[in-house]
Each structure stands twice: as C-alpha cells, then as structure tokens.
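Undergrad: Line order of the protein sequences matches chains A and B. For the first sequence, counting from 1, position 20 maps to 20 in the working numbering; every step adds exactly one. Numbering-wise, the working numbering comes out as the position in the second sequence, counting from 1, plus 169.
Source of the hints: derived by calculation from the structure; they are not laboratory data. Computed from a predicted model, the values in this text were never measured in an experiment. Idealized CB from N, CA, C, for every residue including glycine. Worth double-checking, as some hints may not be accurate.
[What the hints assert, rightly or not] Restraint ranges, calculated between C-beta atoms of paired labels, are given here: (1) B:186 / A:81: 41 to 49 Å; (2) A:87 / B:184: 39 to 47 Å; (3) B:305 / A:90: 26 to 34 Å; (4) B:314 / A:92: 53 to 61 Å; (5) B:283 / A:88: 39 to 47 Å; (6) A:92 / B:185: 42 to 50 Å; (7) B:207 / A:158: 21 to 29 Å; (8) A:87 / B:314: 47 to 55 Å; (9) B:313 / A:20: 45 to 53 Å; (10) B:200 / A:114: 25 to 33 Å; (11) A:6 / B:299: 20 to 28 Å; (12) A:101 / B:283: 45 to 53 Å; (13) B:312 / A:9: 44 to 52 Å.
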Amino acid sequence: MSQQEKVPSVSDELKAFVGRPMRRQVSDPVTDSDIRRWAIAVYWPEKPPRIFWDKEYAETTRFRSIVAPEEFNPFAWPINPGETLLTDNDLEPAIKRMGIGMNILNGGGGNTYFERIRPDDVIRAETILDEVYTRPGRLGTMLFLIRKTTWVNQEEKKVRESRNIGIKY
Amino acid sequence: MTTNADLYYEDVELGQAIPSFTRSPNLMEWNRYAAVNDEFVYIHMDVDKAQAAGMKDVFGMGNLRLAYLHNMLRNWIGITGDIKRVDVQHRSLNFKNEKLICKATVTKKYVEGAENLVDLELEVQNPEGKNATPGTATVALPTRI
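Okay, chain A solo, but in the shape it has when bound (with noise of 0.2 Å):
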C-alpha cells in the first residue's frame, strides 16, 4: 500500500468548500511609516535599502516615489478587518471529522508581483479556497489547504496573486 493510500483522502463535505470566496478586504491608506517599518524589520539588524525610506533619493528612481518591498502586508494591524465570508472554524467540523489534527503550521506559497505598493496606496484584496488535499508527515496525516489572493489597487491596478499553504496536523 502506498504512503497516499495510507491517509485518508478529502471528504465530499470539505471539498464542498473549494472556489468559494473566504474573506475580502480593503486595506487603509499604506504610509511611508508602514513601508519603513517593514523594511526595518526584514532587514533588522542592517539598515534597509533607500528606496524603502529616503524619499528625496526615491524621487530619483524610475519609481519616483518610495515603494514597499514586494512581500510586504498592507493588512496588518487594521481596524476594519475586512468581509468574512468562509472561516477555518466553518472548515473545522469536517476537517474533524476526517480525524485531522487542530494543529496549523504555515507551508509555505508564493506571490506573483505586478504595481508596486507605494505611500497612499489602498489595496483591495478576495480570497479563495482553492485547493484541499492530504499527504502522509512525520506527525500524521497532514491536510494541505490552499487559499488564493488577489491584490489591486485604487487605480484597479493588480498588485500581487498569492498562494499560501496551510497545513493541518
């Protein structure tokens, strides 16, 4: 028997829950201090590149403005947390039921970059379920869900698609 057929396989009522939209939301006005901070951060302890903080060195580029690194998140820290339409507790009860653990680790995905985010920016972000499957692992059966977002700006400019991998165990 292969290590696939070892573990069970996704249930009706969990793939029932794939395409459909998770959460949408509107991000507030992204600020030179929110671009510097994450620059800091993700640099820590060298000092980030100009083009994240110096605004007179910015206007120099071909970006004419500060721009935030690619990976930044314009959704931390809101007031509005935006529209949820599909939570991990509404998967809970079937993901359960498929004797799979509460545990969560992140899995890593990727992002596919288009308009820079930039000072004043506000982005407008839906998410998906888009994918469910299960693979053996070292502590058990793992669920794999995979959840799709895409970016754009207030010009309806796309920012980014991302793909990440959450993993239940």
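Given the coordinates of chain A, assemble chain B onto it according to the supplied hints.
TA: Chain B in isolation, oriented as in the chain A frame:
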C-alpha cells in the same frame, strides 16, 4: 535599453550562484517581524504552547524566511531589476539563533514579451545543511540592447 543598471540580463550566466543572504534570527528579529506583520502566534512566542504543538521550542516565522529570500534577490538585482514571482515551501523549522543561509542558482534565461527574465532555484540552508525552504523565483532585468 537601460543605462547604469545594477545588473544587466546579459551579465547573468546559467548555473551562476548569486550572492547569499545570511541571518541567525532570534526573538529580536521575530518580535520586530511580528510587530510589522501583526503576526502574534503563540508557537513563535511561548515555549509551552510550542511544545504543546509538538515542537521542541518556539520557532521563527516562515513569512520571515520568505522576506529573507526577497532580500537576497533585491540585493542582487538592485533598483533596476524587478522580482516577478517567488514560490516556496517550508519544509522544516528554524529555532533561535540557527544560522540561515539564503542561496539561489540561475536555472533559466529567456525573453517573454518585452521582459528579459531569469529563473532561479532558491534555498534556505539550515545548520544541518538541509534546505529548510526550497523554492523558485523569477526576476526581470534590464538589457544593454
């Protein structure tokens, strides 16, 4: 054509290893990252909670390792290049003060539309010499032509 670029498409060779990016993060880095990403999760902060989840200790965020890979790519391509895509998987954890070496190797060069693209294979090498975060990336570079 671009003049005064940090890195030109023509100067990249297949199989080339780009300059690495190294960090040995602990709570100093993790707390700062948690603060900007609003990522306050007990398994990164509380050893009891981490052990209850089956881990030996608190461990670093996968998102921060992703940021380190972006730093490596940005350092290489400079202000005149663009990161187009980064895909990773987190295969193992990093614990406090473990040295992480971000590495990348050029796997492909090609022109698509108006863009001169370079694909790379990514690695975050952990102290055991294993790749904790395998992945791939694509960057766009200016050309001298």
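Undergrad: Next, verify each hint and record whether it holds.
TA: Now the hints, each set against the structure:
1. B:186 / A:81: 41 to 49 Å: For residue 186 of chain B and residue 81 of chain A the Cβ distance comes to about 42 Å; the hint holds.
2. A:87 / B:184: 39 to 47 Å: With Cβ atoms ~46 Å apart, the hint holds.
3. B:305 / A:90: 26 to 34 Å: holds, 33 Å
4. B:314 / A:92: 53 to 61 Å: Holds - the Cβ-Cβ distance for residue 314 of chain B and residue 92 of chain A, about 56 Å, lies within 53 to 61 Å.
5. B:283 / A:88: 39 to 47 Å: The hinted range 39 to 47 Å holds for residue 283 of chain B and residue 88 of chain A, with Cβ atoms some 41 Å apart.
6. A:92 / B:185: 42 to 50 Å: Taking Cβ atoms as reference, residue 92 of chain A and residue 185 of chain B lie about 47 Å apart, which means the hint holds.
7. B:207 / A:158: 21 to 29 Å: holds, 24 Å
8. A:87 / B:314: 47 to 55 Å: holds, 51 Å
9. B:313 / A:20: 45 to 53 Å: holds, 49 Å
10. B:200 / A:114: 25 to 33 Å: holds, 31 Å
11. A:6 / B:299: 20 to 28 Å: holds, 25 Å
12. A:101 / B:283: 45 to 53 Å: holds, 49 Å
13. B:312 / A:9: 44 to 52 Å: holds, 49 Å
Against the hints set out earlier in the document, no violation occurs for any number.
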